[in-house]
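Chemist: Go by the hints and put chain X with the ligand onto chain U.
Spelled out from the first residue to the last, the chains are:
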Amino acid sequence: MIALDEDRIMLRDSAREFLTDKSPVSELRRLRDTRDQDGFSRDLWRGMKDMGWTGILIDEANGGSDFGHVGMALVCEEMGRTLAASPFLSTAVMAATALRRSGSEEQKKKWLPAISEAKAIIALAVDEGRKHNPEATALKAEMSGNAFRLNGDKSFVVDGHVADQIIVAARTEGDPGKKEGISLFLIDSKSPGISIERVIGVDSRNNARIKFENVHAAGTDALGEVGKGYQLLENTLNAGRAGIAAEMLGVAGESFDRTVAYLKERKQFGKFIGEFQALQHRAAHIFGELELLRSLVLSACVALDKNPDTAGLSVSAAKFKAAEVVKLAVSEAVQMFGGMGMTDEIDIGLFMKRARATQEFLGDAGFHADRFALAQKF
Amino acid sequence: MSLDTFRQETREWLAQNCPPGMRKPSRGEPDICWGGRNWKFESEDQKIWLERMAARGWTVPMWPKEYGGGGLSREEEKILREEMRAIGARSPLESFGIWMLGPALLQFGNEAQKKEHLPKIARGEIRWCQGYSEPGAGSDLASLQTKAEDKGDYFLVNGQKIWTSYADKADWIFCLVRTDPAAPKHSGISFVLFDMTTPGVSTKPILLISGKSPFCETFFDDVKVPKENLVGNLNEGWTIAKYLLTHERASIGAGGSLAGLRSLPAAAIKAVGRDQNGRLADAFIRNDVIRAEIDGYALLATVERYKAEAKAGQGVGSKSAILKYAGTELNKRRYETFMTIAGSDGLEWESERSEDGTLAREWLRTKANSIEGGTSEVMLGIVAKQILKLPGA
Ligand SMILES: Cc1cc2nc3c(=O)[nH]c(=O)nc-3n(C[C@H](O)[C@H](O)[C@H](O)COP(=O)(O)OP(=O)(O)OC[C@H]3O[C@@H](n4cnc5c(N)ncnc54)[C@H](O)[C@@H]3O)c2cc1C
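First to last, the sequence lines map onto chains U and X.
For the first sequence, the working numbering gives the first residue as 608, with consecutive numbering after it.
For the second sequence, the working numbering gives the first residue as -11, with consecutive numbering after it.
Excised from the complex, chain X in its bound form:
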């Protein structure tokens, strides 16, 4: 099928199938569909939209069809995104399974694991959380201590994770565990999957400065994990962990680009107006808005360029650290500007007009962007070491 035909058909299909409620601008977090066993759809429209998109594999457009994906090429996927944006269609499903675990399983999972887990991610049936960080292992992730002992046909897992986003809502966890305490720290780690309802798993929410969107402490107390849930080889989990992180970082970083976010110029125009020449009336704010917009363009263009280069076989690798760093720092700047624009309106925390402090909460939440998935300092360290090859980095 030619790309033009694909665009035409996609446009028609979206026009017929995207319910009206899913074309309203998203308010961000509260409107995201995360899926999972216990998911309560906010509306019938949200449910229908997920089912229809999942049936075409378009919740994960570029995954192979046999695993619940749409089998689209990069160009087709871009068209799909463009056509969705054109009618203001929301994303039908977001999840850690889509952003992180899926790509890792496609690369490192065995056939049975792919068949078992990927379609459920694609259909939004199972919601995943990420068990990486521990109280003593943050930036220095490889020093993690949660241990998994080989008990014949299962691993016995004991330990604690922290900052596990949505652990209390997730159905399954992908988890880094130490399987060889004697080996050097990077060589004794394995990558395992297990059900959060397994006996011995418990979670305790931690409140964020933004109030909502809790993340958790997660405890493992004699948790039995079947051997077949080991992904890749024993003690080679670090490779998978890093691969997954590059996907996590790229998607967190891309969040700083323009696509699908609040519009800074629109907010500024609404708040401060324009002078007779069409310029934003507040020169100080205008300056900030311009810088943020141009950097947003630059980031978007860089994401696209890296994709094109990856496709052409021109190595990209640790460059996801740049996207993560630039994207998250930009996003923080953008939200500082949103807050400046909003003035005292932006300070409202409990009020009808602010929908209980949506902006203030988003602003606070962006502060985590440069921490989660590896801090900005860690990203700069990766660039210094792996790209610039500076000594001792």
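This is chain U alone, in the form it adopts within the complex:
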């Protein structure tokens, strides 16, 4: 386990400064209320490039800043604090991980610098049903000659509505439920046969339902080895899961900080409500839970930096705990704000909505609890 060194503390502080300035919670309200066509600001995304975040997991040769997963988590946490909307997680975390690990030389040369330069948005299409379950991948990729034909449906494709490219998990062999026979393809979102329906979520963030009808993929569009994509997919998802867990730490932390501030400000019965021990102890309990979560997120990222192939256990522990803690923090926040907590006027409800979405995204608490246990043979 590590303490943050000076460089990382600087990264965190500059992220906080940048996001509170360029993407405060009011920015999410603006995107929501204007029904912004992208659901995020392209200016902000370019700003993130200038901060070095788009290339945070990309090597310097391909234009990245290569801060590693610990650095990624610090940025994600701050994004959680201001509910900043951007394709960071889909593109700079997951697509970059998949490409860097298993892209062909050509794919890397083309797409890693494009991600670093904020010139490409790449979404990951995995889920098909209402629950995250990569092994259940059913979307079919049939080989014909040197190429493939893709048929099937994807859902909850985060940033799918604005993606230039899509990394799609497909089945080239075997039955849904099997790890073997899964392959990844990187394809142009404008390819014939792809239809994309934008979905605006409860958290005012965007994803897409995507239909694949006889979509052509060349052999060179495969990402990694055909039929053996499960481990690559796992590594890609694990980077995303650690990132979203860090974001959840930020969501929970910020709604908690706002709650504590309210406890010191709101008066009833002639006292600050923060003087009531019933509330003090609940607040202190949440603080403790946040501390535990922080350690798990950090240790997951340290594990990813060390060896992504063996980090699954720590990542699942972090994502599980993140789901529990963020739920606690936002529920208690609404409760302690009383009637105000139910109004759209203050931001707490926005945190609660984002918290709900992050719990589902890339595997809920039950999914990760199961993984954690299976990894330890129980």
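Please keep in mind that the hints were generated in silico from the structure rather than gathered at the bench.
Keep in mind that this is a model prediction, so the values were computed, not measured.
Example chain U residues on the side facing chain X (calculated, C-beta under 10 Å, incomplete):
hint, residue
1, Leu611
2, Phe879
3, Phe883
4, Ala891
5, Phe894
6, Ser902
7, Ser921
8, Ala925
9, Phe985
Now the stretches of chain X that chain U is said to cover, found in silico as 3 or more residues with beta-carbon under 8 Å:
hint, segment
10, 252 to 263
11, 274 to 286
12, 290 to 299
13, 308 to 322
14, 371 to 380
Glycine included, C-beta positions come from ideal geometry on N, C-alpha and C.
Modeler: Same frame as chain U, now just chain X with the ligand:
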């Protein structure tokens, strides 16, 4: 020496020096070596193990060598722990001296006190007990009344302590006494040390719900304590008391993490088995086990993180209250799950197969974890006040 060399040498030394009897899984309390003048070693192996480890200073690996410690860095200490765990080596010595008094003396003791007391703690020669709580002063510890009057070259101590763990077995006591009854309650307390065989000291055991591990009422009746046994300044004992409590809390809290305890998954697998997919066959128990295991990981990671942060000079302070609270509440949950897993086996109190109710007694003993060293409510109060700075906390 590089860390790799250190690991290699440590591994070799442990392989040669840790007796076989000390590599068997510990049954907890009955296998702990507490040391002290009257200590009866349970086996020759236990004795040899203590002597060998003490000779290297490895009963207290990070204390300075001049006081009987091993002088190890944090990284080296971690390696030592890992290598010990790898061969299942038991801890050679546990004591209140190691967990609590030692760190306080290192910080606040004068040179003579350090030289006198620390090596004896390290070698397990003197066993200490903690004289803090009184019948009227529990959570509100600073309201303690045991008084110490200045009689020139000694203090005259009168009063009563309670819940003094192992007072009947300890050789010395570190004790909070009131030296200025007129001052505000936190400012009239001093921290003194004395021998439990001093005339006027008596103890009376109290039976716990877990049966064994008694703690005591401790009475002081005109006990003469030499002046040189005052630690730190007169009437400034509260600072030392609090410092010591942070160490006590951190070590009680860390007890809730995974290291060196009964394994919950192993117990569950043994009792309920696994289904064809490798999952524990009882979904309800599995759920509890998973939650406890993940929180155990989280606690361990937090202990490590705080250590790393403390070393990097990033203040930790009252965060030991979080470890105490989270760790002890977790430990209670774990033992509830152990009991559920054990079913009626876990209810056995006097039987051969249960070794006279080991599990049931441990389960009951964990209930004290969230009371001793400051209750969970007190810990939450500390967080509310010192970290969250809530009004009126
Ligand atoms: C197994 C065991 C070993 C111990 N060993 C030692 C030892 O070696 N030496 C020693 O000195 N002491 C020892 N203690 C004593 C221990 O430190 C005290 O029991 C503890 O501090 C609580 O004090 P109390 O028992 O008087 O409970 P009380 O203070 O009377 O508390 C009763 C209840 O009231 C709650 N409460 C109290 N104040 C507040 C508040 N402000 N807000 C909300 N709730 C509150 C408490 O949390 C608790 O739930 C030991 C205790 C146990 C159980």
